[in-house]
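Trainee: Starting from the known structure of chain A, fit chain B onto it as the hints suggest.
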Amino acid sequence: MAMSGRRLRLPPLRLVRAAWPWLAVLLAFAAVRLSKGAFVLDAYALLSRPFWPGTAQSEWLRSAQQFDRQTRLQQLEADNRRLRGLLDLDRAGVSLVSAPVISRQAQGWWQQLVVGQGSLQGVAPGDAVLGPGGLLGRVASATPSTATVLLLTDPASRVGVWVGRVQHHGLLVGVGTPRPVLRFIEQDVGVRPGDVVTTSPASTLLPPNLTVGVVQSVNERAVPAPEAVVQLAAPVDAVDWVQVRVQRP
Amino acid sequence: MSSLVRQRWTLATALLVPLLVLASPAPLQLAGVPPSWAVLWLLPWALVDGPLSGALAGLALALVLDGLHPGPLTQVPVLVVLGWWWGRLGRKAPPLERSFSLGLLALLGAALLGGSLWLQQLWWGEVNAAALHTLLAQTLLTGLLAPLVCSLQLLLWRQLAPGLRS
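Listed in order, the protein sequences are those of chains A and B. Position in the first sequence (first residue = 1) + 8 = my numbering. Position in the second sequence (first residue = 1) + 667 = my numbering.
Calculated from the structure, these hints are not laboratory results. Just so we're clear, the structure is a prediction, and the values are computed from it rather than from any experiment. Be aware that one or more of the hints could be misleading.
Just some of the chain B residues that point at chain A, by a computed CB distance under 8 Å [what the hints assert, rightly or not]:
hint	residue
1	Leu689
2	Gly699
3	Pro701
4	Asp733
5	His736
6	Gly738
7	Thr741
8	Gly782
9	Leu784
10	Gln788
11	Val794
12	Ala797
13	Ala798
14	Leu799
15	Thr801
Note that beta-carbon positions come from the ideal geometry of N, C-alpha and C, so glycine has one too.
In isolation and in its complexed conformation, chain A is listed as follows (with noise of 0.2 Å):
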């Protein structure tokens, strides 16, 4: 009898039956617990479906989001040529003169464009020309009706440019091919494939921080400084207006 006293006492079956429901809803809330909700978050995932945010909801978020870009550069413009005229960079007022392409030669011993509008609409020689994408070249000569446009492959282009992420001026050299050359003065530049080219941003000749190209490839071992081989960001082949960057007198 000694021994009952101490025999382990189960409770009894009745009691086991009538509580496993409560214990079963309990070891679930438990699971939920462990699993962060999952079941919980899924269950209403499910539900919730058909009142989640549609297109619609995205296409205000990302025209909303372009909206504000737009505003934001609008401003840095504005902002930009106020700077630029309390320095005095800027020459006199320019205007944008668009013109048709009515003549091309992409290839060849020269490569230029004749466009279709000219001194009559005031096109001078030395205008920069801009493409979709940047810059395309300069005006070369102008007659009362059309312009040649030296394009910057040609050899004879010079231009003067600036990569941003070094913050380093280089002269980029047409070679013939439609990848011109980057020609650096300094011999540790630090550019690498992927940088971006733009015109200088204190350049009063060419329209400041436009974009010319991507440097491609870079030759480290080039004598007496290191050369870069540019993509241009304004294809010359698909161009069939361009705009001539006129000066108001």
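Mentor: For chain B alone, coordinates are given in the frame of chain A:
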């Protein structure tokens, strides 16, 4: 000076050369390089009309073409020499009219013209990495087009100036 020049409209056909240079039709390009239209026009003209007319036509054509391009490169010396040379060849018997001969002369002319432009670029310190490509493509294309284009022109000019060689 000869009978071709006296018929003014024949000289006006030279205006096709700058027009074709400017239009630069894509189907008539090889690897993006057009043929030398000046060579294709000048060769039959000089062969029929003689060295003096050929040299003067080459000079006029080169001056017009130089005006179309920016930079210091000029086609004057080579086109004048080619006009003179082809004019002298045309005076010799038997007359040059075989397609192969015309193609070979045009090929040589285009090569000389391209070579002179390349040398001028080197002289002016311009690096042209595509010079050999341009030279070969233009020379080959000009040589291939010459038998067709120059033969037709030669036929036309000789019909217009039948007594020239007598």
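Trainee: Please go over all the hints and tell whether each is borne out by the structure.
Mentor: Now the hints, each set against the structure:
1. Leu689: This interface hint holds because 4 Å falls under the 8 Å limit.
2. Gly699: holds (4 Å)
3. Pro701: holds (6 Å)
4. Asp733: violated (11 Å)
5. His736: With a minimum Cβ separation of about 5 Å from chain A (threshold 8 Å), the hint on B/His736 holds.
6. Gly738: At about 4 Å, which falls below the 8 Å cut-off, the nearest Cβ of chain A leaves the hint on B/Gly738 intact, so it holds.
7. Thr741: Interface hint status for B/Thr741: violated (11 Å vs cutoff 8 Å).
8. Gly782: Given a least distance of 11 Å, the restraint on B/Gly782 is violated.
9. Leu784: holds (5 Å)
10. Gln788: holds (6 Å)
11. Val794: Because about 5 Å separates B/Val794 from the closest Cβ in chain A, which is inside the 8 Å limit, the hint holds.
12. Ala797: holds (4 Å)
13. Ala798: holds (6 Å)
14. Leu799: violated (10 Å)
15. Thr801: holds (6 Å)
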